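For this one, chain A is given, so just place chain B on it according to the hints.
So the chains spell out like this:
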Amino acid sequence: EADIYQTPRYLVIGTGKKITLECSQTMGHDKMYWYQQDPGMELHLIHYSYGVNSTEKGDLSSESTVSRIRTEHFPLTLESARPSHTSQYLCASSASGIGGYTFGSGTRLTVV
Amino acid sequence: DQQVKQNSPSLSVQEGRISILNCDYTNSMFDYFLWYKKYPAEGPTFLISISSIKDKNEDGRFTVFLNKSAKHLSLHIVPSQPGDSAVYFCAADGYNTDKLIFGTGTRLQVFP
Chain A
1 EADIYQTPRY
11 LVIGTGKKIT
21 LECSQTMGHD
31 KMYWYQQDPG
41 MELHLIHYSY
51 GVNSTEKGDL
61 SSESTVSRIR
71 TEHFPLTLES
81 ARPSHTSQYL
91 CASSASGIGG
101 YTFGSGTRLT
111 VV
Chain B
1 DQQVKQNSPS
11 LSVQEGRISI
21 LNCDYTNSMF
31 DYFLWYKKYP
41 AEGPTFLISI
51 SSIKDKNEDG
61 RFTVFLNKSA
71 KHLSLHIVPS
81 QPGDSAVYFC
91 AADGYNTDKL
101 IFGTGTRLQV
111 FP
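Protein sequences, first through last, are from chains A and B. Counting in our numbering, the first sequence runs from 1 upward without gaps. Counting in our numbering, the second sequence runs from 1 upward without gaps.
With the rest of the complex left out, here is chain A (with noise of 0.2 Å):
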């Protein structure tokens, strides 16, 4: 079954550790996002990916880095993790042209 997946679901985790967050997708999509979400706050989009070696940052400013070595696989890693970047992270992939985006089921992380 096509769909998409983001390990782990929840991470609690202490001041300056260094942190993947995870997301795979099955559905041969071209394009990745990942977006952060605080409570009662819209989705801004972090990062982006248009395919295999492109990478952009999007519109909301983040320390996370990503990559994209093979289609299917969009990690986003945090070098230093701080409490500023409790929050839940979205990861989507959609097929090329207008359409909805899929969505993960998001990592929720809480820095300690």
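Check before you lean on any hint, since a few could be wrong.
[To be verified] Listed next, the in silico EDC-like pairs over lysine to aspartate or glutamate satisfying Cα-Cα at most 16 Å (straight line):
| # | chain 1 | residue 1 | chain 2 | residue 2 |
| --- | --- | --- | --- | --- |
| 1 | B | 71 | B | 58 |
| 2 | A | 17 | A | 63 |
| 3 | A | 31 | A | 56 |
| 4 | A | 57 | B | 98 |
| 5 | B | 5 | B | 24 |
| 6 | B | 99 | A | 30 |
| 7 | B | 56 | B | 31 |
| 8 | B | 71 | B | 31 |
| 9 | B | 99 | A | 56 |
| 10 | B | 68 | B | 24 |
| 11 | A | 31 | B | 98 |
| 12 | B | 99 | A | 59 |
| 13 | A | 17 | A | 79 |
In short, the hints are calculated from the structure, not lab data. Remember, it's a predicted structure, so these values are computed and weren't measured experimentally.
What follows is chain B alone, placed relative to chain A:
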């Protein structure tokens, strides 16, 4: 500057009645609009969309109306069911941008 606005953070409706969720946008270049539904601790799921060449799109209990001159769209749910209780996000897509801009969401509660 927020380009997609959902001015009602919450809405409470009795089961069987109509739910109307509103969304306003500022960018006249947006030409495709979508509604997503989000349950807590899950990613958003696509609900319904509308192209700017239309003023109405219907899918079962869900109808989206678009008023381009007013830069306003609305989602009607008839009849509302308790399972519709969730946060609803409006999103807009500009021509050839492939990036969705989301509103802040409206929390809908349908009570018996």
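Quick rundown of the hints versus the structure:
1. For the suggested pair residue 71(B) and residue 58(B), the alpha carbons sit about 19 Å apart, so the restraint of at most 16 Å is broken.
2. Of the supplied pair hints, the one linking residue 17(A) and residue 63(A) holds, its CA atoms being roughly 14 Å apart against a limit of 16 Å.
3. Taking the CA atoms of residue 31(A) and residue 56(A), the gap is about 11 Å. The hint holds against a cut of 16 Å.
4. Restraint check for residue 57(A) and residue 98(B): satisfied, since their Cα atoms lie roughly 14 Å apart, inside the 16 Å limit.
5. With a C-alpha separation of about 5 Å, the suggested pair residue 5(B) and residue 24(B) falls inside the 16 Å cut-off, and the hint holds.
6. For the hint pairing residue 99(B) with residue 30(A), the CA-to-CA distance comes to about 13 Å; that is within 16 Å, so the pair holds.
7. Distance hint between residue 56(B) and residue 31(B) is fulfilled; the C-alpha atoms sit about 14 Å from each other, no more than 16 Å.
8. At roughly 11 Å between alpha-carbon atoms, residue 71(B) and residue 31(B) fall within 16 Å of each other, so this suggested pair holds.
9. Straight-line distance between C-alpha atoms of residue 99(B) and residue 56(A) comes to about 12 Å, which keeps the hinted pair within the 16 Å bound.
10. Distance restraint check for residue 68(B) and residue 24(B): the Cα-Cα separation of roughly 10 Å lies within the 16 Å cut-off, and the hinted pair is therefore satisfied.
11. Pair hint residue 31(A) plus residue 98(B) holds up; C-alpha atoms about 9 Å apart against a cutoff of 16 Å.
12. For the hint pairing residue 99(B) with residue 59(A), the CA-to-CA distance comes to about 10 Å; that is within 16 Å, so the pair holds.
13. Taken as a hint, the residue 17(A) and residue 79(A) pair is honoured in the structure, with Cα atoms around 7 Å apart against an allowance of 16 Å.
Hint 1 from the list above is the single one not met by this structure.
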